[in-house]
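Q: Input sequences plus hints: build the corresponding full structure.
Note that the UniProt record's numbering numbers the sequence shown so that position 204 is 204, with each residue one more than the last.
I should point out that these hints are in silico values taken from the structure, not numbers from a laboratory. Just so we're clear, the structure is a prediction, and the values are computed from it rather than from any experiment. Take these hints with a grain of salt, some might be off.
[Claimed, not checked] Think about it this way: if two alpha-carbon atoms lie no more than 25 Å apart in a straight line, the pair counts; the simulated DSS-like pairs of lysine-lysine are:
1) K167 - K57
2) K131 - K168
3) K57 - K174
4) K167 - K131
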Amino acid sequence: MSSIFKSIRTRIEGLHDGDSHHSSIAPPIHNGPYRELNDTKHLLRQSHSTPANRPKKPMTLIELFQSQGCNSCPPTNSNLISLAQDQEHNPDPGNDYLLLTYHVTYWDYLGWADVFGLSANDARQREYVRKLGLESAYTPMVVVNGLGVGVGNTRADLQRVLSEGQKKADQRVKISVVQQTGNGGVVVEVDTSTLSMPKLPTSSNASALEVLHVRYLPALHSVRIDRGENAGRILPHVNVVTGVEKMGYVAGNERTRFNVGRRGEARENEASVLIVQDGRGGEVLGVLRLV
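A: This is how it looks when you write it as structure tokens:
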């Protein structure tokens, strides 16, 4: 393909068997078989009390870019779901994880249009490709805190990506809800005075700290795939992203407030999260779940 997008399906085909236990936009229209499996909320999201002698780490953001039309994605998707289940049954009180699953559209031509696919997800992945200096985008791709990146199709590779992404976990901004507004909206304050970076941004451009509002479906769902490379399979999905909104930018050593309103197209069962990054596709410096 001439595009920057590619699949790693030929590169990891032999690895599947060994680890196969994988401004705001409207949510996608689900034109394929779709059902909610259970009431499990916010998978890969743990909020446990931390022992006094062990300080709680900042939240780790895990972002998965995948496609229902790519047969290389299920192993990584399964690994992340297994990680979520492991965290539920054997929680690590020192860690707080949030998984977001972004379904891309550039494999739709293979015969199956991803029912969760959004062009905004393609754009977000391209930002990581540029910032991380990658040759091209690929699926599956796991990004942790905007720092660690990899395929995640084996437990070992997933652990490597998690470790790389948590190297700078202490460099965080403070995000807090300061006011409730009508129709489920909130006013959120981002405080960058907590950072001790050599050079903080001073203007609203691509090099400043970017603030994003991401909506997602906080449950486990399954979709039956009727065509394409995964034809005949029923694929599980967790925390599927349904909207990405760029709220603006923040400068250094200041407090900036954002009005995060509930958009008219938002579903009642959606959750959302505010993310602060060091520029487009940069290191994640703050995460706050709003619902």
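Q: The structure should be examined with respect to each hint, and the outcome stated for every one.
A: Taking the hints in turn, this is what the structure says about them:
With a C-alpha separation of about 11 Å, the suggested pair K167 and K57 falls inside the 25 Å cut-off, and the hint holds. Simply put, K131 and K168 have alpha-carbon atoms about 17 Å apart, close enough for the 25 Å limit, and the pair holds. Taken as a hint, the K57 and K174 pair is honoured in the structure, with Cα atoms around 13 Å apart against an allowance of 25 Å. Taking the CA atoms of K167 and K131, the gap is near 17 Å; set against the 25 Å cutoff, the hint holds.
Violated hints for the displayed structure: none, as all numbered hints are satisfied.
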